[in-house]
Structures are given as C-alpha cells and as structure tokens.
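Order-wise, the sequence lines are chains A and B. Residue numbering for the first sequence follows numbering that gives the first Met the number 0, beginning at 0 and increasing consecutively. Residue numbering for the second sequence follows numbering that gives the first Met the number 0, beginning at 0 and increasing consecutively.
Among these hints, one or two may not hold up.
[To be verified] Simulated restraints, written as ranges between beta carbons of each label pair: (1) Asp131/B to Gly160/A: 44 to 50 Å; (2) Thr163/B to Asp133/A: 33 to 39 Å; (3) Gly208/A to Arg127/B: 27 to 33 Å; (4) Gly208/A to Asp131/B: 54 to 60 Å; (5) Asp18/B to Gln206/A: 31 to 37 Å; (6) Gly160/A to Asp16/B: 47 to 53 Å; (7) Gly162/B to Ala187/A: 17 to 23 Å.
[As the list claims (entries may be wrong)] Here are some, though not all, of the chain B residues that point toward chain A, as calculated from beta-carbon distances under 10 Å: (8) Ala20; (9) Arg79; (10) Gly147.
The set of hints was computed from the structure by calculation and includes no laboratory data. Beta carbons are placed, not taken as given, at the ideal position from N, Cα and C, and that holds for glycine.
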Amino acid sequence: MSTSTCAGIRERAPDLALGALTGSERAEVVAHLDGCASCQALVGEYASVADALLDLVPEAEPAAGLAPPVLAAMQPARHRGRRHRVAALVAAATLALTAASGLTVALVARDGSGNGSTATTSALRSAPMVGAGDVTVGRVVSTGDRRPKLAVSVDYWVPDGRYQLSAADGNGRSEPVGLLEVAGGRGAWTGRATVVGRPVAVELVDQAGNIVCRGELA
Amino acid sequence: MWRLTDEALLAGFSIGDADAAETFIARFQSRVYGVALAITRDARLAEDLAQEAFLRAWRHAETFDPRRGSVATWLIVITRNLAVDAMRTQPRSEFLDPDELEWLSPPARETDPADATVRASDVDWLRRALDDVPDEQRRAVVLAGILGFTAQDVAEYEHIPLGTAKSRIRLAMDKLRHARADAEPAR
Numbered sequence: 000m001s002t003s004t005c006a007g008i009r010e011r012a013p014d015l016a017l018g019a020l021t022g023s024e025r026a027e028v029v030a031h032l033d034g035c036a037s038c039q040a041l042v043g044e045y046a047s048v049a050d051a052l053l054d055l056v057p058e059a060e061p062a063a064g065l066a067p068p069v070l071a072a073m074q075p076a077r078h079r080g081r082r083h084r085v086a087a088l089v090a091a092a093t094l095a096l097t098a099a100s101g102l103t104v105a106l107v108a109r110d111g112s113g114n115g116s117t118a119t120t121s122a123l124r125s126a127p128m129v130g131a132g133d134v135t136v137g138r139v140v141s142t143g144d145r146r147p148k149l150a151v152s153v154d155y156w157v158p159d160g161r162y163q164l165s166a167a168d169g170n171g172r173s174e175p176v177g178l179l180e181v182a183g184g185r186g187a188w189t190g191r192a193t194v195v196g197r198p199v200a201v202e203l204v205d206q207a208g209n210i211v212c213r214g215e216l217a
Numbered sequence: 000m001w002r003l004t005d006e007a008l009l010a011g012f013s014i015g016d017a018d019a020a021e022t023f024i025a026r027f028q029s030r031v032y033g034v035a036l037a038i039t040r041d042a043r044l045a046e047d048l049a050q051e052a053f054l055r056a057w058r059h060a061e062t063f064d065p066r067r068g069s070v071a072t073w074l075i076v077i078t079r080n081l082a083v084d085a086m087r088t089q090p091r092s093e094f095l096d097p098d099e100l101e102w103l104s105p106p107a108r109e110t111d112p113a114d115a116t117v118r119a120s121d122v123d124w125l126r127r128a129l130d131d132v133p134d135e136q137r138r139a140v141v142l143a144g145i146l147g148f149t150a151q152d153v154a155e156y157e158h159i160p161l162g163t164a165k166s167r168i169r170l171a172m173d174k175l176r177h178a179r180a181d182a183e184p185a186r
C-alpha cells in the first residue's frame, strides 16, 4: 500500500519509531514527514515510547572501566589527525575516480598504517554497504580477529537477483566468499573468508561483473 | 558541586578533552554496557561494543541533535544498533527470548524508596503498560524495540505471517503511546 497519505503514515509510524522498517519503506515515510507537521508529531510520540523501551534495560558494570581503552584508542587518531584527513581525501578521490571510470574499485586503506580510522582494540567492525550516489543499501559486520565471521545484509535499492560477494584485505588479496540472493529487495549472507585474513572491503558484484555496492571495514 | 550537563560533556569529549572524556564515559558506561550485554549476552563482546559506541559518539558528536532527544538516548541508540549489527552474525537461537526478561516486569506496588532511582520511576509507567499488553504483542514490540528486529525479523522469529507481526507491533505501540499520554501528568 502507498504510505504517501497521512493514513498510510499513521499505520507505519510505530514501525518507523522502532526502526523496524526496511530502507525503502523508511525512505518513503521520511519523504512524507518532511512536509507534514502532524505526522511528524505523531512519529515523535511513538519515538518517545521507543526511547523509553531502551530505558528499561538494566544497567550493568563492565569488569574493567571503559575509559582507559577508549582514551587509548582516541590518542593515536588525535596525533595523526592531519595525516588521516589527507589520506581520507585521497581515498575518497580514488573511489570517485575508479567508480567513474568503471574500473575495479581499488583497495584503499583509510590511513597510512593500514589500520583504518577506527583506532579501536575492538574485534568488531561494521560499515554501511554503499551503492552508487553514496546511497546506503545495507550493512556489513565482521566479528573476530582471525578468520573473522562476516555478515552482509542489503535491504534497499539492490535489484532482486543473485550476487557474488568478494572480500579483500589491505594487501591486494581478494577472494569470492559467497553468493547473496536478493529477493523482495532484501538479502543476507553470513560466512567466513578463507584466504583473506582480515577483510577491509566487501563488495557485491552482479553477474555482469559490476560492483553494485561496497562496504569498507575500518 | 558543579555537575556538567550531558551536552557540555559531549562537547568536551568530541574535541578529545581527556577529563571530559573520562567523565562522559563514567557517567554513561553502565547504561551503554548494560544495553550491549542485554542484547548480546556475551560480556566480552559487550565490552567491545560499548567501547566502540563511545568511539562513535566521539567521532560523530556533531550528529547529536538535542531537539531529537537526550544525549543518553542518542548514545543508547548507537549502542543498540551496534549490538544488533553484531548479532546479525549469530543464529536466531542465540537471541534472548522476550519472555525471559525479568526486568520487563512491572514494579511492585510498594517499593523501597532507597532502591528507587529517578530513571526507574521514569519508566514504571511503561512496565505497567507492557504488563497490560497481550503476551504476543509484548513479545513483538520488545523484539523490535529492544532487539532491533524488523517486522520481517519478528515474523520469522515468531513463525507468523508478516502482516500479523506488523499488527502486533502497531497494536502494542498504540497502547504504549496512550499509556505514556495518560502517565504524562504524573511524570
């Protein structure tokens, strides 16, 4: 059903507030909200309920304080700030150039050390899967340091069909890791890379060999 | 003694001020870690996620908009989303079951004032309202609102049609919205 009417929005407002809409559904509802104050107010009421739900979760103390590791992770990034910004600009320019020329997207470490900009000791890494026009179409998550487990999901913009997933590390190695099937605008895949030790990029490639979207794991 | 506002602390944290960062983390770490732990049920992963949540807050502090909610809510949502992403790599059986969540239960009518906290009293209305919601609707809204399930996820997890999952979420949210409005004068 169309959600472009206030009645349609009212029906989906609870899902929007809870973050339970898919990307395309969310985009449609948000487009309506931009010009409708009454629907905005209603969504605001549901959002307050959604926020309160998270307030129910009990507090817990971590075994060790979180400040030392967080501050340590912030420190090197603060020192290399200028170099990082330059590297990020180079990375962005490289991606734009390769995307425009239709060449295979080059692997670009996000800083000179190849460690990425996350600057964290966490083994968990996640990044948006980004398609043409910088549209976020899904998400990639990696857990674990050695042979990390990967989870890729798409829920917006990617046409239905079967896609090859490839993972690449920062040393120029890449490998196909699996097939992701998109049906009804949604698809998900989980598995591991076997050749690539620590993937820094995951790409969804269509049957013609075009990169449909890409996630860069910091 | 002076207590800096959450917004002021976030501002200091965002520019890398060590004192502000330590205070900010100390103020919120139990809530951030609590959310990560509740969703993942893995202490080590929850610590990683909590650290990552603070780093994201530091990096993306400029995205905080006080008109949309409090610093705490913004930070908790960052944490929830990270934890939900992390759980995408886990089989559904690893997710907690909403029926196991004792902290969803309504508070006893006679509580010890010494145990009461401002935050707890702020959401007592919600616990009571959830207690009045039919079980299947409560499960659906908890799966969506706390564990980050989409309606499709709820449908698969509960083995019900998508339309039914959406109805349960909407019905529960409607009841909770009205309960919030009713409780407003008392809060």
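Are Gly208/A and Arg127/B spaced within 27 to 33 Å by their CB atoms? violated (58 Å)
Given hint Ala20/B near chain A, where the shortest CB pair must fall under 10 Å: Ala20/B check passes; min Cβ-Cβ to chain A is 6 Å, inside 10 Å.
If you check the beta carbons of Gly162/B and Ala187/A, does the distance land in 17 to 23 Å? For Ala187/A against Gly162/B, whose Cβ atoms are near 21 Å apart, the range 17 to 23 Å holds.
Verdict for Asp18/B, Gln206/A (Cβ pair) under range 31 to 37 Å: violated (55 Å)
Given the hint of 54 to 60 Å, check if Gly208/A and Asp131/B actually sit that far apart at their C-beta atoms. Since Gly208/A and Asp131/B have Cβ atoms about 56 Å apart, the given range 54 to 60 Å holds.
Range agreement (Cβ of Asp133/A with Cβ of Thr163/B, hint 33 to 39 Å): Holds: the Cβ-Cβ distance is about 36 Å, inside 33 to 39 Å.
Checking hints one by one. Is Arg79/B an interface residue toward chain A, by the C-beta closer than 10 Å rule? holds (6 Å)
Outcome of range test on Cβ distance (Gly160/A, Asp16/B; 47 to 53 Å): With Cβ atoms ~50 Å apart, the hint holds.
Tell me if the beta carbons of Asp131/B and Gly160/A are separated by a distance inside 44 to 50 Å. Hint holds: Cβ distance 46 Å, inside 44 to 50 Å.
Hint check, Gly147/B versus chain A [nearest Cβ-Cβ separation less than 10 Å]: holds (6 Å)
Hints 3, 5 from the list above are not met by this structure, while the remaining hints are.
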